[in-house]
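Enquirer: So in our numbering, spot 59 of the first sequence is number 563, and the numbers just go up one at a time.
Worth flagging that the hints you see were computed from the coordinates, not collected in a lab. Keep in mind it's a predicted model, so treat the numbers as computed, not measured. Be a bit skeptical, because a hint or two may be false.
With beta-carbon atoms standing in for the labels, derived distance ranges [what the hints assert, rightly or not]:
| hint | residue 1 | residue 2 | range |
| --- | --- | --- | --- |
| 1 | Thr516 | Tyr573 | 15 to 25 Å |
| 2 | Asn535 | Gly515 | 12 to 22 Å |
| 3 | Gln559 | Asn535 | 32 to 42 Å |
Cut-off 25 Å, straight-line C-alpha distance, at most; resulting in silico cross-link-like pairs (DSS-like, lysine-lysine) [said to hold, decoys possible]:
| hint | residue 1 | residue 2 |
| --- | --- | --- |
| 4 | Lys627 | Lys570 |
| 5 | Lys511 | Lys604 |
| 6 | Lys635 | Lys543 |
| 7 | Lys627 | Lys546 |
| 8 | Lys546 | Lys524 |
| 9 | Lys604 | Lys524 |
| 10 | Lys543 | Lys511 |
| 11 | Lys635 | Lys567 |
| 12 | Lys627 | Lys604 |
| 13 | Lys558 | Lys524 |
| 14 | Lys524 | Lys627 |
| 15 | Lys567 | Lys543 |
| 16 | Lys570 | Lys524 |
| 17 | Lys558 | Lys604 |
| 18 | Lys627 | Lys543 |
| 19 | Lys570 | Lys604 |
| 20 | Lys570 | Lys543 |
| 21 | Lys567 | Lys524 |
The C-beta atom is built at its ideal place from N, Cα and C for all residues, glycine as well.
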Amino acid sequence: MNYWLMKSEPGTYSWDDLLKDGSTFWDGVRNYTARNNMKSMKVGDLAFFYHSVKQTRILGVAKIVKEYYQDPSTDDDRWVAVDIEPLSALNNPVTLEQVKSDDRLSDMILVRQSRLSVQPVTKEEWDIIMKLGS
DNA sequence: GCCAACGTTGGC
DNA sequence: GCCAACGTTGGC
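Whole structure, please, built from the sequences with the hints as guidance.
Expert: Here's what the structure looks like:
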């Protein structure tokens, strides 16, 4: 079981949109590192849902419900999509500011490589953020 | 709106 | 295979 973090601009697709839809397919990724992370996802893995650009914070937890398949938004077979469902919202969303100011989270890719849109999260980081958000 | 970071493209 | 040019992401 692995942990991930997936980013979305709330203006494009927000946590509320995911709650409303009940599930979604995560497509449109055009970055090899992010793509490779998506290919490593297994059914049952969990991912933080993060809002980039505006309201930069982790709002909730999504569950991977379908492993990678051809991205339906392109014919190019280099790109893949996965399906996710919302699992639970954080009572207190964890802001980027909180993550950056917490020494225990200073190695998070979210901080170190801010442009990567699908990234792994360690169990330790996961537990800390879950606690901060509860 | 600006700009740093970083990924991709294409000329050589 | 290197690297300059360019495009995009995302924090501020």
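Enquirer: List, from low to high, the hint numbers that the structure doesn't satisfy.
Expert: 3, 6, 9, 14, 19
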